[in-house]
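Please take these sequences and the hints and turn them into a complete structure.
The listed protein sequences derive, respectively, from chains L and S.
When we follow the working numbering, the leftmost residue of the first sequence carries the number 5, and every step to the right adds one.
When we follow the working numbering, the leftmost residue of the second sequence carries the number 2, and every step to the right adds one.
The hints are simulated quantities; they were obtained by calculation from the structure and are not laboratory data.
Do not take every clue at face value.
For lysine to any residue, the following SDA-like pairs were computed, each having C-alpha atoms within a straight-line distance of at most 25 Å [to be verified]:
(1) L:59 - S:62
(2) S:266 - S:284
(3) S:266 - S:137
(4) L:59 - S:63
(5) L:59 - L:6
(6) L:59 - S:49
(7) L:59 - S:137
(8) L:59 - S:22
(9) S:87 - S:63
(10) S:266 - S:253
(11) L:59 - S:38
(12) L:59 - S:65
(13) L:59 - S:19
(14) L:59 - S:253
(15) L:59 - S:35
(16) L:59 - S:34
(17) L:59 - S:87
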Amino acid sequence: MIAAVGLVLGIIAGIFLEPTVPAALQPYLPIAVVAALDAVFGGLRALLDGIFDDKVFVVSFVANVIVAALIVYLGDQLGVGTQLSTGVVVVLGIRIFSNAAAIRRLLFRA
Amino acid sequence: MSQTTTRRPDASMSLLNGLFEQSLDPGYAAAAARRARSTQPPRRFGRGTVLLTLGLLAVGILLTVSAAQAHRQLPASEQIRASLVKQLQERTAAANALQGQVDRLGSEVAAARQRSLTLTETGRQVAAQLDELELVTGAAPVVGTGLIVSVNDAPGAQAQAAADARTTGQLPNGIVRDADLQQVVNGLWASGAEAVAVNGYRLTALSAIRSAGQAILVDYRPLLPPYVIVAIGSPDQLQASFAASEGGAYLSTISSSFGIQVDIKRAAKLSLPAAAPFRLDYASTLQESQ
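Okay, structure coming up:
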């Protein structure tokens with residue numbers, strides 16, 4: 005799969021280029037990772053369901069990351085940063101678990 | 002006439018329901034429906050694949066960068082502790098290497114001195130006198146029969162000491178103190194020991210057993226329990242005299258009262274190392290001072 009090569013290239017680029025994240029963005033990196041994982045699991049489930057669409061995957065990934073980071077940033081400005089980030093993590097976590105359960109059902113029929 | 006739509010009984014839980022049931026982005030279903038309706042055949046390698054590759058590239062970079070970031074950002078105290086531990090290990094290794102060098106040079110000097118002394122008759126007499134003096138003062142290693150006395154803290158005393166340090170600031174009775182070791186060593190000397198070493202450190206006329214906090218120091222070097230005191234002499238006489246001596250009585254008292262673990266063994270072949278080289282600044286022999 006040509007697209008999987010993109011993933012491997014991304015991982016290799018991250019390891020060798022070692023881009024340093026600007027200090028202002030560092031607190032939002034974990035939430036961005038969780039949002040990215042949610043998009044990836046959603047994409048995997050759609051792939052196994054047979055309804056995968058490239059554009060929807062990329063848009064959902066970018067939108068998830070940006071929206072999650074924006075919510076946490078807004079929370080920081082308002083003073084409820086930890087609570088909002090907890091909420092975001094809870095919602096994304098539920099979605100990840102849901103998608104993972106569906107993937108498990110589709111893969112192993114169990 | 003208003004049209005009423007029937008509401009589900011759990012309509013107020015729509016947020017949680019939506020959370021659990023709509024975990025897959027509805028965009029996928031919509032795109033699939035659109036594809037099913039369109040008449041165009043699906044393109045194998047087109048704009049969609051390029052977009053997907055770029056998206057996965059971004060995912061890979063994001064995951065790797067945050068993993069590297071998390072790895073680099075260990076809590077500050079953990080980093081400081083790790084660097085201190087590393088420094089400690091480096092310095093200890095350097096100190097050990099220097100000590101090894103000191104030992105080697107010391108033995109080279111002794112061998113050279115021995116060689117030059119045996120060249121003349123008076124030199125040989127001096128060498129014999131020197132050997133005997135070194136044996137007695139502790140400047141040379143010795144072998145012989147003797148006694149091994151092991152003294153250890155009472156079981157559970159270490160944990161209690163950690164707790165007591167915060168409340169009373171005093172050591173619990175089950176911890177071995179410097180006075181205990183002093184009593185044992187004195188008792189062994191009184192019983193006829195000819196050479197004594199504690200945890201591998203030879204005792205000389207300049208040795209002091211003292212404590213700093215909870216640690217016992219011999220010649221300013223800290224020891225860790227269990228404390229093994231080795232004495233060279235006649236095993237029978239040492240054992241009998243030590244048991245009858247004040248030191249032996251003291252040891253059996255603290256063993257029965259506070260649970261300090263004591264183990265006395267005879268040994269047929271003991272070897273004690275030489276003491277670290279010492280220097281006298283104020284004491285001089287009669288000939289030198291005249």
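Here is what the structure says about each hint:
no.	hint	in the structure
1	L:59 - S:62	holds, 19 Å
2	S:266 - S:284	violated, 38 Å
3	S:266 - S:137	holds, 23 Å
4	L:59 - S:63	holds, 19 Å
5	L:59 - L:6	holds, 15 Å
6	L:59 - S:49	holds, 6 Å
7	L:59 - S:137	violated, 90 Å
8	L:59 - S:22	holds, 23 Å
9	S:87 - S:63	violated, 32 Å
10	S:266 - S:253	holds, 15 Å
11	L:59 - S:38	holds, 17 Å
12	L:59 - S:65	holds, 23 Å
13	L:59 - S:19	holds, 23 Å
14	L:59 - S:253	violated, 84 Å
15	L:59 - S:35	holds, 13 Å
16	L:59 - S:34	holds, 14 Å
17	L:59 - S:87	violated, 50 Å
Violation of the numbered hints given earlier is confined to hints 2, 7, 9, 14 and 17; the remaining hints are satisfied by the structure.
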